[in-house]
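Undergrad: So the chains spell out like this:
Protein chains: 2
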Amino acid sequence: MQPDRIRIDCPPWLARFPDWDRTYPDDDARVGLAIALARENVVRGTGGPFGAAVFESATGRLVAVGVNLVVPCKNSMLHAEVVALAMAEHRTGSFTLAGPGLPPHELATSCEPCAMCLGAALWSGVARIAFGAAREDARAIGFDEGPVFPASYDYVRARGIEIGGPVRRAEARAVLELYARHGGIIYNP
Amino acid sequence: MQPDRIRIDCPPWLARFPDWDRTYPDDDARVGLAIALARENVVRGTGGPFGAAVFESATGRLVAVGVNLVVPCKNSMLHAEVVALAMAEHRTGSFTLAGPGLPPHELATSCEPCAMCLGAALWSGVARIAFGAAREDARAIGFDEGPVFPASYDYVRARGIEIGGPVRRAEARAVLELYARHGGIIYNP
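Protein chains in written order, with my numbering: chain B, 1 to 189; chain X, 1 to 189.
The set of hints was computed from the structure by calculation and includes no laboratory data. Please read all numbers here as calculations on a predicted model, not as lab measurements. Keep in mind that a hint or two might mislead.
[Claimed, not checked] Covered stretches of chain B, as calculated for chain X (at least 3 residues, CB under 8 Å):
| hint | region |
| --- | --- |
| 1 | 5-14 |
| 2 | 21-34 |
| 3 | 59-71 |
| 4 | 83-90 |
| 5 | 104-117 |
| 6 | 166-173 |
All C-beta atoms, glycine included, are put in the ideal place defined by N, C-alpha and C.
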């Protein structure tokens, strides 16, 4: 029989890493935080080379952060975007970030979302996705990005979600290369 | 600041619902369980009209079950497939169900997977996906299935994943219609 509960333990540094008191005014600052989270996750050896964060679009207030926890948590779905979106929904107490009374939110991620995360972003109700590295950069070190096509972006845009990127691409790609150089696990290649 | 942990509480009936001692030899039995889980979730009012289960392909041994928990858990990613795959990985102690020493696994679901769940299935390492209702059936009651195209299935198949369905479609569709008739929440329509 299976348990009644799934527990996802984030590394203790994660919640303490970002400055929660400042605001993140633009893509440069928002994707910059996502890339810094990705780098920290590699340096500390607590997961894959990906980071993400959720912000209130207008104010730039930070709502939640996430990093890739696939290997340490033994859960292939714990991409950085999934962790950040789950935390954001937990903090807002809503299964949609587009819920009544909530301001528009956006997702910033250190790398272009894979097929699963593009779907997760769509269901989360974020109004915008901004990313650092391009999917080719992830593929260059062996990570598959899944079935994402130009038509996938058209579909997401048609539902009112803006997509911006790549932003700070060289810096984002450098984190992926750092992970590969250190022999990080490329799961399900 | 955000918490260090995400806890996903499944409804207490979930783990107790299936017969863990029998085997599920074919699509009919496997998708049948997924549909029964979906129906139970609607009848008990514990989430959306979707169920899923993970099996060892050859033996038909049941490994894990899941139901849609989006609304009760306030988490837009908790589709039935995601819950079942996370439970299966927890039970096998592996971030991939295609890991060394593990037999091939397959995912049975009461309804054709959305874009997020198709990606999640790909990353989970299952060797096969079997589904009950078709995506049109979910759309008929207002659920969006996201950017899934014929090319998405080609992509997934090219990575060695078989796809079978629809199976027991009328029965699966009846669960969706039951949910709609009872005024169930259609989130992010």
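Undergrad: State the violated hints by number, sorted upward, taking the hints as numbered earlier in the document.
TA: 2 and 6
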